[in-house]
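Peer 1: Sequence:
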Amino acid sequence: MATEAPAHGGYLDILRAPHAARLLAGTLVGRLPNGTGPIALTLFVRDQGGSYTLAGGLIAAYGVATAVGQPLLGRAVDLKGQPRVQLPAAVLSALGMALLALTGIGHLALAYVAVVLAGLFTPPLEGGLRALWPSVLGREDRVHRAYALDAVAQEVMFTVGPLLLTLLVSLWSPAAALLVINLLGVLGALAVVLSEPSRAWRSASREAHWLGALRSPGLLALLGSFFFVGLALGSITVAAVAYADDRGTPSVYGWLMAALGLGALLGGVVYGARQWSGAPERRLRVLVLLLAVCYLPLVLTPGPVAMTGLSVLAGVFLAPALACAFIVVDRHAPRGTVTEAFSWLVTTFGVGSALGSAAAGPAVELAGTATGFAVAGAGGLVAFLVLLATGRVLDAPTGSDTPAADARHAVGTGAATAVHSEKNTH
Numbered sequence: 001m002a003t004e005a006p007a008h009g010g011y012l013d014i015l016r017a018p019h020a021a022r023l024l025a026g027t028l029v030g031r032l033p034n035g036t037g038p039i040a041l042t043l044f045v046r047d048q049g050g051s052y053t054l055a056g057g058l059i060a061a062y063g064v065a066t067a068v069g070q071p072l073l074g075r076a077v078d079l080k081g082q083p084r085v086q087l088p089a090a091v092l093s094a095l096g097m098a099l100l101a102l103t104g105i106g107h108l109a110l111a112y113v114a115v116v117l118a119g120l121f122t123p124p125l126e127g128g129l130r131a132l133w134p135s136v137l138g139r140e141d142r143v144h145r146a147y148a149l150d151a152v153a154q155e156v157m158f159t160v161g162p163l164l165l166t167l168l169v170s171l172w173s174p175a176a177a178l179l180v181i182n183l184l185g186v187l188g189a190l191a192v193v194l195s196e197p198s199r200a201w202r203s204a205s206r207e208a209h210w211l212g213a214l215r216s217p218g219l220l221a222l223l224g225s226f227f228f229v230g231l232a233l234g235s236i237t238v239a240a241v242a243y244a245d246d247r248g249t250p251s252v253y254g255w256l257m258a259a260l261g262l263g264a265l266l267g268g269v270v271y272g273a274r275q276w277s278g279a280p281e282r283r284l285r286v287l288v289l290l291l292a293v294c295y296l297p298l299v300l301t302p303g304p305v306a307m308t309g310l311s312v313l314a315g316v317f318l319a320p321a322l323a324c325a326f327i328v329v330d331r332h333a334p335r336g337t338v339t340e341a342f343s344w345l346v347t348t349f350g351v352g353s354a355l356g357s358a359a360a361g362p363a364v365e366l367a368g369t370a371t372g373f374a375v376a377g378a379g380g381l382v383a384f385l386v387l388l389a390t391g392r393v394l395d396a397p398t399g400s401d402t403p404a405a406d407a408r409h410a411v412g413t414g415a416a417t418a419v420h421s422e423k424n425t426h
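Numbering-wise, the sequence shown is residues 1 to 426 according to the numbering used here.
You may find that some hints are simply not true.
Claimed, not checked - Distance ranges between label pairs, derived from CB positions:
| # | residue 1 | residue 2 | range |
| --- | --- | --- | --- |
| 1 | L72 | G368 | 37 to 43 Å |
| 2 | T166 | L92 | 43 to 49 Å |
| 3 | T103 | F158 | 25 to 31 Å |
| 4 | L102 | L164 | 18 to 24 Å |
| 5 | A396 | R84 | 32 to 38 Å |
| 6 | R139 | L366 | 51 to 57 Å |
| 7 | G368 | A17 | 49 to 55 Å |
| 8 | L211 | S251 | 44 to 50 Å |
| 9 | R392 | L171 | 53 to 59 Å |
| 10 | V160 | L388 | 24 to 30 Å |
| 11 | L95 | W172 | 46 to 52 Å |
| 12 | A273 | R199 | 20 to 26 Å |
These are calculated hints, taken from the structure and not from any lab test. Note that beta-carbon positions come from the ideal geometry of N, C-alpha and C, so glycine has one too.
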C-alpha cells in the first residue's frame, strides 16, 4: 500500500537536510572513476593502438578487482571509520589509473597491475553514504526516501559521467581524461570524509566473525536474487549492441541505453514520492517480478521507435527495486556490518552484470538478438524465484541485530556534539 508523500517529505526535504546535498554530490563525484571506468579504459587503449581484446582484458581485471575490494574495504570502514579508509583508498585508486595513463600499454604486466590497483582500492562510497543517511536524516521514512533518491541519482551519474568523459577526451586526450576523472574522484571522496557526519560516524559494536555480513541468511538470499538482476541488466547491454548492428544504425544502441536509464529515473522518482506501508521484503518480491515482466517484451525486437519505448518500460522498476533492496539490507545485515553489507550488494550486482554480458554474447551468436534479450527476462524471473524460495528467511529480519541506524552517530551542532544511536523498527 502506498500514499502520496506530503510536500515537506519529498526529495527537496531530503536535500535541504544539513549535509545531505554535500554527501550525495560528493559520493556521486567520488564514484565517477568507477562509473566511467570501462568506457575510459576502452578509449585509452584504442588511442594507444591497443586492441579491443586488450581493452576487454583490462576492464575485466578492473571489474574483478573492484568486486574483491568493495566488501573488504566496506568491512574496514565498519571497523575503522570512514575517513581513515575512504580517502586513502580513493588516492590509491587514482594513483593506479594515473600509473596507467602515464606509462601506457607498452608494458602489459604494468598496465594490469595499474588497473588492479585502481579497482581493488575503489572506495566504498556508495555503501558509506547509505550508512550515513540515518544520522543525517533521522526519521525512518526520510531514510527510505533517501534510498530512492540515491537510486535515481545513480542513473543521472551513469548518464552524465560518460558525457563528461567524452567532453574531456575531445578537449584533450583519453590519458588526460583518465587523470581528470580520477582527480575528481579524489575530490569527491574528500568532500564526503571532511563532512561532519562522516567524521563522526562510528559503526555499532559487532560480533567478531570471519563471515562478517555474510552470516545473515536473509542478506545471502537478497544477494542471490540481485546477482540475477545484475545478470539481466548486463545481458541487455550486449543484446542492445546486437540489435543496433542488426538495424545497421550504431546510434540506436545509445538511444536504447538512454531509454533504459530514463525509465529507471522515472520509476525512482515516482517510487520515492510515495510512502510505502507493509514489509519491504514482500514489496521487493512484487517489484522484482514486475521488473522481470517488463524485460520480457524486449524479445519482440520491434522497430527502433517501439524498441526505445520498450526499453523505457524495462527500466521503470529497476530504481524502485534497488531502493527497496537497500531497505532490506538495512533490516538483515548483522549489527556493525552495514557498510560491508551494502558493499556486498554492489559487488554481487556488478559480478552478475559482468556474467550477464558474457552469457548474452554466445546467446546472440548462436540464436540471434532476441535470445540475448531472453537472457535478461530469464535472469529477472530467476531473481524473483530466489526471493520466493527464500521467503521464510527474508520475512524474518535479524531483529536486535538490524542496523538501519546501526552506527553510533556523532552529530555536531556548533561547539556541541550529540551522540545518537538508534535502530530501525519496522
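Peer 1: Between V160 and L388, does the beta-carbon spacing fit 24 to 30 Å?
Peer 2: 36 Å, violated
Peer 1: Could one say that the CB atoms of L102 and L164 fall in the range 18 to 24 Å?
Peer 2: 21 Å, holds
Peer 1: Is 53 to 59 Å right for how far apart the beta carbons of R392 and L171 are?
Peer 2: 56 Å, holds
Peer 1: Confirm or reject the claim that L95 and W172 have a C-beta distance inside 46 to 52 Å.
Peer 2: 20 Å, violated
Peer 1: Measuring from beta carbon to beta carbon, are L72 and G368 in 37 to 43 Å?
Peer 2: 41 Å, holds
Peer 1: Is the distance from the Cβ of A273 to the Cβ of R199 consistent with 20 to 26 Å?
Peer 2: Hint violated: Cβ distance 32 Å, outside 20 to 26 Å.
Peer 1: Lying within 49 to 55 Å: is that true of the beta-carbon distance G368 to A17?
Peer 2: 50 Å, holds
Peer 1: Using the C-beta atoms of T166 and L92, is the stated range 43 to 49 Å upheld?
Peer 2: Since the Cβ atoms of T166 and L92 sit about 26 Å apart, the hinted range of 43 to 49 Å is violated.
Peer 1: Looking only at beta-carbon atoms, does the pair R139, L366 fall within the given range of 51 to 57 Å?
Peer 2: Given range 51 to 57 Å: holds, Cβ gap about 52 Å.
Peer 1: For the range 32 to 38 Å, tell me whether the beta carbons of A396 and R84 fit it or not.
Peer 2: 35 Å, holds
Peer 1: Are L211 and S251 spaced within 44 to 50 Å by their CB atoms?
Peer 2: Because 47 Å falls inside the window, the suggested range holds.
Peer 1: Quick check on a hinted range of 25 to 31 Å for T103 and F158, using CB atoms only.
Peer 2: 28 Å, holds
Hint compliance for this structure: hints 2, 10, 11, 12 are not met, and every other hint is.
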